[in-house]
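Chemist: Heads up: the protein sequence lines correspond to chains A and B, in order.
Numbers 680 to 928, taken from the numbering used here, label the letters of the first sequence in order.
Numbers 449 to 757, taken from the numbering used here, label the letters of the second sequence in order.
These are computed hints drawn from the structure, not numbers from a lab.
Hints are not guaranteed to be accurate.
[As the list claims (entries may be wrong)] Distance condition first, Cα-Cα at most 30 Å in a straight line; then the derived DSBU-like pairs of lysine-lysine:
| id | chain 1 | residue 1 | chain 2 | residue 2 |
| --- | --- | --- | --- | --- |
| 1 | A | 872 | A | 729 |
| 2 | B | 643 | A | 778 |
| 3 | A | 922 | B | 530 |
| 4 | A | 926 | B | 530 |
| 5 | A | 745 | A | 786 |
| 6 | A | 695 | B | 667 |
| 7 | A | 910 | B | 572 |
| 8 | B | 572 | A | 922 |
| 9 | A | 699 | B | 530 |
| 10 | A | 778 | B | 663 |
| 11 | A | 910 | B | 530 |
| 12 | A | 875 | A | 681 |
| 13 | A | 711 | B | 572 |
| 14 | B | 663 | A | 910 |
| 15 | A | 920 | B | 728 |
Listed below are the residues making up each chain.
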Amino acid sequence: MKILVAVKRVVDYNVKVRPKSDGTDVDIANAKMSINPFCEIAVEEAVRLKEKGVATEVVAVSLGTKQSQEQIRTAMALGADRGILVETDAELQPLAVAKCLNAIIAKESPDLVIMGKQSIDGDNNQTGQMLGALSNMPQGTFASEVAVEDGTVNVTREIDGGLQTVKLNLPAIVTTDLRLNEPRYASLPNIMKAKKKPLDTTTPDELGVDVAPRVQTLKVEPPAERSAGIKVADVAELVEKLKNEAKVI
Amino acid sequence: MSILVIAEHDNASLKAATLNTLAAAKAIGGDVHVLVAGSGCGAAAEAAAQADGVAKVLVADNAAYEYQLAENVAALVADLGKDYTHVLASATSNGKNIMPRAAALLDVQAISDIISVESSDTFKRPIYAGNVIATVQSSDAIKVITVRGTAFDAVAAEGGSAAVESIDNAQDAGVSSFVGEELAKSDRPELTAAKIVISGGRGMQNGENFEMLYKVADKLGAAVGASRAAVDAGFVPNDMQVGQTGKIVAPELYIAVGISGAIQHLAGMKDSKVIVAINKDEEAPIFSVADYGLVADLFEAVPELESSI
Ligand SMILES: Cc1cc2nc3c(=O)[nH]c(=O)nc-3n(C[C@H](O)[C@H](O)[C@H](O)COP(=O)(O)OP(=O)(O)OC[C@H]3O[C@@H](n4cnc5c(N)ncnc54)[C@H](O)[C@@H]3O)c2cc1C
Ligand SMILES: Nc1ncnc2c1ncn2[C@@H]1O[C@H](COP(=O)(O)O)[C@@H](O)[C@H]1O
């Protein structure tokens, strides 16, 4: 069984991103970049399936600038066998990403595609579902458990009311939630080994995909600031304030 | 403008989130239809027909839609959606599951989690865990949108009298099936709809200690939430997680207990009207958004709070 994982290069989750003062874009020029945390969980899941003997090959794909190679190398250091970079400097929106991934699916014919549920920069939570539509595959989103059986996969999903389990025919798309696994750290020898693993590069053009954005960002701004609060001395003062000042209890 | 709102429901009843999404539809303006796709979902459809501002309710009552399997419901939404200028759903786990799939079938770029309607093609939405608000304009002919419920005041649940029309449109992709579910049972209000929310973090130390929060919640008629750390540690189930990648809440009062205030947590609660933080570390970032901060050991403060309200 072949598994495709999609990994995105994003601003590290510890960075507090701010808009530029002219409101044209976010200020991330010197920010630390990382693999999107949900994608890291996707790689880990794929690698575990390989270690269990369920999967035979794990291919990591990223779309973006040349620097996205770093995230593919990270995925390979975690255990992916090879990588594909769809290189472009263009702004990529989920539909365009899904179309490129679909073109790669057509070439690679994976049995399972594992991706993150959400990129922590755009907070879209769309690409996996869109790829499901384009590739005509079923989807198991927000997965907290994945069990591959003969020709099917059971996915337990984190939903608003609790957990739901669905059975999907393979090939299928799975998007990861936080509880699916705890990704390992890449060891130094594995980081070295990853440098020698094959990494192919292609472009949206070569894949025949028009990635022109459909949605234009007119401006970005900071959220409304909260006015500074106060410290209360004890529970009695807290309760008094909540009753008489804030009038919320 | 013609808008199709996808109802959030459990076949028996309409979920409150639908009323917030209807408010967003109203802000866009135009004829608003509601789709209730389910199985044995007549009661939910009747409820939708009574909501304010609904012109027509379409009911797709079919076994294929019983569990909201995305493959089936998205195909239906895309099929019906081609006749509308806007298709809206709540940014719930169900809306997030279905809408992007429907959007791709329609070849449009979906817009997630809008917090305001600027015009019929321009919307605001948070990005980077709510640290940035983007104003985005869509050039697609059909706008497929999910709506953040806390950003729109619900329309009235009653007073409307929309026509209810059954539609015979069964989309059964046959590639997925429902196996089972474990739904949290609680008599407390729903997290995203509660007027008061009290949440616990890693500082709670274990699941048993959440009992202290349940007691306070029951006195205040509050819902109980949690940080990711508390969910990951297994103190409480996943559906209680508040934050960037959990639930978004904006109650009148939010009480954070033993929560440090990571940006991902703040993303889910910083639009609450009044925020209280109880934390023993006076440097905890949660205090930067708290209206009332209490530096104290929660194991003393919470029982005291319970007995004094
Ligand atoms: C991709 C991604 C998504 C995420 N999504 C979310 C999300 O949706 N929601 C979310 O919450 N987090 C999310 N996180 C995690 C987030 O970064 C933090 O790790 C998490 O919020 C920390 O939870 P906490 O505040 O409970 O724990 P900690 O940061 O460990 O804080 C515990 C706090 O309890 C206090 N405390 C301890 N004992 C006591 C006591 N006896 N009395 C009083 N105070 C005490 C401590 O002083 C401390 O401030 C996400 C992270 C990533 C990478
Ligand atoms: N540029 C990209 N390169 C690789 N994978 C991506 C890219 N954009 C999105 N994805 C995948 O889609 C998931 C969800 O992203 P999004 O829909 O943007 O929230 C991510 O976690 C990735 O797995």
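Chemist: Hint by hint, say whether it matches the structure.
Modeler: Going down the list of hints, with the structure as the test:
Under the criterion of a C-alpha separation no larger than 30 Å, the hint pairing residue 872/A with residue 729/A is consistent with the structure, at around 17 Å. For the hint linking residue 643/B to residue 778/A, the alpha-carbon distance of about 42 Å lies beyond 30 Å, and the restraint is violated. A distance of roughly 51 Å separates the Cα atoms of residue 922/A and residue 530/B; the hinted pair therefore is violated under the 30 Å criterion. Simply put, residue 926/A and residue 530/B have alpha-carbon atoms about 48 Å apart, too far for the 30 Å limit, and the pair is violated.
Under the criterion of a C-alpha separation no larger than 30 Å, the hint pairing residue 745/A with residue 786/A is consistent with the structure, at around 22 Å. Taking the CA atoms of residue 695/A and residue 667/B, the gap is near 37 Å; set against the 30 Å cutoff, the hint is violated. For a cut-off of 30 Å, the pair hint linking residue 910/A to residue 572/B is broken: about 33 Å separates their Cα positions. Between residue 572/B and residue 922/A the alpha-carbon distance is near 34 Å, which puts this suggested pair outside the 30 Å criterion.
Straight-line distance between C-alpha atoms of residue 699/A and residue 530/B comes to about 38 Å, which puts the hinted pair past the 30 Å bound. For the hint linking residue 778/A to residue 663/B, the alpha-carbon distance of about 50 Å lies beyond 30 Å, and the restraint is violated. Taken as a hint, the residue 910/A and residue 530/B pair is broken in the structure, with Cα atoms around 54 Å apart against an allowance of 30 Å. Pair hint residue 875/A plus residue 681/A holds up; C-alpha atoms about 20 Å apart against a cutoff of 30 Å.
Straight-line distance between C-alpha atoms of residue 711/A and residue 572/B comes to about 26 Å, which keeps the hinted pair within the 30 Å bound. Distance check on the hinted pair: residue 663/B and residue 910/A sit about 24 Å apart at the alpha-carbon level, within 30 Å; holds. This hinted pair checks out: residue 920/A and residue 728/B have alpha carbons roughly 20 Å apart, not beyond 30 Å.
Taken one by one, the earlier hints fail for this structure at numbers 2, 3, 4, 6, 7, 8, 9, 10, 11, listed in ascending order.
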